[in-house]
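Residue numbers (this note's numbering), protein chains in the order written: chain G, 1227 to 1448; chain L, 95 to 402; chain R, 4 to 148.
No lab work stands behind these hints: they were computed from the structure.
Glycine included, every Cβ here is placed at the ideal spot set by N, Cα and C.
Don't take each hint at face value.
Just so you have them, the derived chain L footprint on chain G, three or more residues with Cβ under 8 Å [what the hints assert, rightly or not]: (1) 1244 to 1252; (2) 1412 to 1425.
Partial chain G-side listing against chain R, Cβ under 7 Å, derived [as the list claims (entries may be wrong)]: (3) K1233; (4) I1270; (5) S1273; (6) M1277; (7) A1278; (8) Q1282; (9) V1306; (10) M1308; (11) V1312; (12) G1433.
Distance condition first, Cα-Cα at most 20 Å in a straight line; then the derived EDC-like pairs of lysine to aspartate or glutamate [unchecked claim]: (13) K59/R with E1419/G; (14) K207/L with E1400/G; (15) K231/L with E1423/G; (16) K1413/G with E264/L; (17) K301/L with E1400/G.
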Amino acid sequence: MITAERKPIDEIIEYIRPFQKILLVGCNECVTVCSAGGRKEVGILSSMLQMAFLKQGKSLQMLEHTLERQCDPEYVEELVSMIDGVDAVVSMACGCGVQEVARRYRNKPVFPAVNTKFMGASERQGVWAERCAGCGDCLLGITAGICPIARCSKQLMNGPCGGSTNGKCEISPEVDCAWALIWERLKALNLTERYEEIIPAKDWRNGRGAGPRKIVREDLAE
Amino acid sequence: MKTESVLEKVLRSGNFAVTSECGPPRGAVPAKILEKANMLGDYVDAVNVTDNQTAMVRMSSFAASVFLRQAGLHPILQMVTRDRNRLAMQADIIGAYSHGINTMLCLSGDHPKFGDHPMAAAVHDIDSIQFIQMVRKMRDEGKFQGGADIENPPKMFIGAAANPFADPFELRVARLAKKVAAGVDFIQTQCIFNLDKFELWMEGVRKRGLHEKCFILAGVTPIKTVGMARYMKNKVPGMDVPQHIVDRMAATPKEKQADEGITICVEMIQRLRQIEGVAGIHLMAIEWEHKVPEIVQKAGLYPRPKIQ
Amino acid sequence: MTTQEPFEPVIIAFCCHYCAYTAADMAGTRRLCYPANVSIIRVPCSGKVDALHILKAFEKGADGVYVAGCLDGDCHFKNGNHRASRRVAYVQKLLNDIGIGSERLAMFKMSAGMGERFAEVAKEFTETIRALGPTPIRSLHRDAA
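Based on the sequences and whatever the hints tell you, model everything.
Next up, the structure:
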């Protein structure tokens, strides 16, 4: 999922300070799974903001709503009945969602309530870790299912570097060395000879290198 | 001979090579790099010039190498993949070659978190092995990484680093094999204190004939104080300092520790010379460059062969 | 001229059915006094209390809130009281972020037979809150009322 974390409350307070009526929109997908911006978090943030402003003698009008997703125009359209009654929108979705809401409702200021972090997976309850960098040319098939671009601190495709210590990265004993992991997997799969095949320099055009990316499905797009 | 590199000539003529290292200044003060290099003088065959080492900004390795070259010394241009993309690297390589620099070291580089700009974006467009491939293509095929022809291609003697003490150990020979397959000409290892482990690695290296496909220079560092020994043992990733070395330094009175450190270093060099496949040493005496002549002499490696 | 009423804290206590609420019952049976400031909300387990419940209590004007659950190892639902402790710590941080103050929220643990402990906690916490004064958002609620 796309992971995110709520922004510091002071930052959100400053965004909405000039406004009276706020629409706080959550998202039922990724940010719900990582407990950052779902229905519950919308309730919590709404309560916190109310209290923060009450303390300063101001009573906010908060409208709370959670969409199934904010990255599809059909869902964003559902806000149309609520939008005229508010001065500003605060979205708890990832950056994709915030932008779609801003795009549809051009006349309302739209603010992000979370910092979108990374594409990752749950390691266990309450812990999410980065897994995918969206490089556009997946090499998991040759690295035994572990991504060196997302999980190696230096995105080495022919690692490990000389700083790998006890299976951990030189930057922290809490970060696994991706290449130590890859090597263990190769051993488990009896594919150790794969290690010496040099992975050539990457063509970053499949990734961010060629600018903002787009996918067009000819069979689906009208 | 693949290049005009003095280091290559020394190595190919069967001499035991000596290289050392100096770090450029943290400012526009060329006098400092020249001062360090002059301390090394003719006690070494070539001098590594580090590239933003430990991710701390210093005068660029390229600029510092040019100063050394102009002063008649033989710099080894260190370049890390952390700070530039393949365009900038190739541009710097042909630029450096145009200044008479013909020996270089291809490295990944320490993570920015260790340095003075932890907020910087690391580049890593290519890794050190892809880097070696790229430089070899420039030299042997006369082509840029993207495929176009190079006018007067740079004839670089290509080096890389090897760390027999990093984990996982079982991978470290295979990693060297990868660098050799990529086209590396010479290797400098991380500084050696754990001779047993190094000999184990060399055994694996010799078994695969890698010592005949590239020149291996064993890294050595003189320890100044017991504090330094402890720091390197505990705080530096990829460094292996056996307890007996720390104990030996600790047992030495403070005012004699520096001399003891030199003695340990010279002993290490003498033992390394006995190991089959070791073609030379890389003496890293950071901020202690003035001791290099003494160490080289005591190890019986002075004078250096005169190469034309 | 405003009349100075003595401040009587409004305290909400989320008490788990198996331990804390039963302890409250016991306090009642044994005629142990505890302040009327404390309003008890019975929950099946302290782990059922959500961050949102606590925040809403403060938003609606509570001066202090506490969650009371079972002693370590005694939770009827295994580790509900541990989850409650972690959640309370989390909400304490949120309360600090918005300037309400983490001291207004606490977590207590007791067994079903600890009637005295229940009364003691209720008394002590009420005094703690009395000393802190009314919740910073009280005035607006009062004016609204």
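Do the hints match the structure? See the list:
Only residues whose beta carbon comes within less than 8 Å of a beta carbon in chain L count, and the stretch 1244 to 1252 of chain G has 0; fewer than three means the coverage is violated. Chain L is given as covering the stretch 1412 to 1425 of chain G, and this holds because 4 residues of the stretch bring a CB closer than 8 Å to a CB of that chain, at least three being needed. Annotation: interface hint on K1233/G violated; nearest CB of chain R at approximately 11 Å, more than 7 Å. The criterion of a C-beta within 7 Å of any C-beta in chain R is met by I1270/G, whose closest approach is roughly 5 Å, and the hint holds.
Interface hint at S1273/G: satisfied, since its Cβ lies 4 Å from the closest Cβ of chain R, which is below the 7 Å cut-off. Contact between M1277/G and chain R, as hinted, is supported at the beta carbon level, the nearest pair being about 5 Å apart and thus within 7 Å. Hint status for A1278/G relative to chain R: holds, with the closest Cβ pair at about 4 Å, below 7 Å. At a threshold of 7 Å, the smallest CB-CB gap from Q1282/G to chain R is about 9 Å, leaving the interface hint violated.
Below 7 Å, beta-carbon pairs count as interface contacts, and V1306/G has none with chain R, the closest being about 28 Å; its hint is therefore violated. With a cut of 7 Å, the hint placing M1308/G at the interface with chain R is violated, because the nearest CB-to-CB distance is about 21 Å. For V1312/G, the interface hint is violated, since its Cβ never comes within 7 Å of a Cβ in chain R; the closest pair sits about 20 Å apart. Here the hint on G1433/G is broken, as its CB sits about 37 Å from the closest CB of chain R, past 7 Å.
At roughly 60 Å between alpha-carbon atoms, K59/R and E1419/G are farther apart than 20 Å, so this suggested pair is violated. Taken as a hint, the K207/L and E1400/G pair is honoured in the structure, with Cα atoms around 15 Å apart against an allowance of 20 Å. For the suggested pair K231/L and E1423/G, the alpha carbons sit about 18 Å apart, so the restraint of at most 20 Å is met. Restraint check for K1413/G and E264/L: the C-alpha separation of about 11 Å stays at or below 20 Å, so the hint holds.
Our distance criterion of 20 Å between C-alpha atoms is broken by K301/L and E1400/G, whose separation comes to about 35 Å.
The structure is inconsistent with the numbered hints 1, 3, 8, 9, 10, 11, 12, 13, 17, although it conforms to all the rest.
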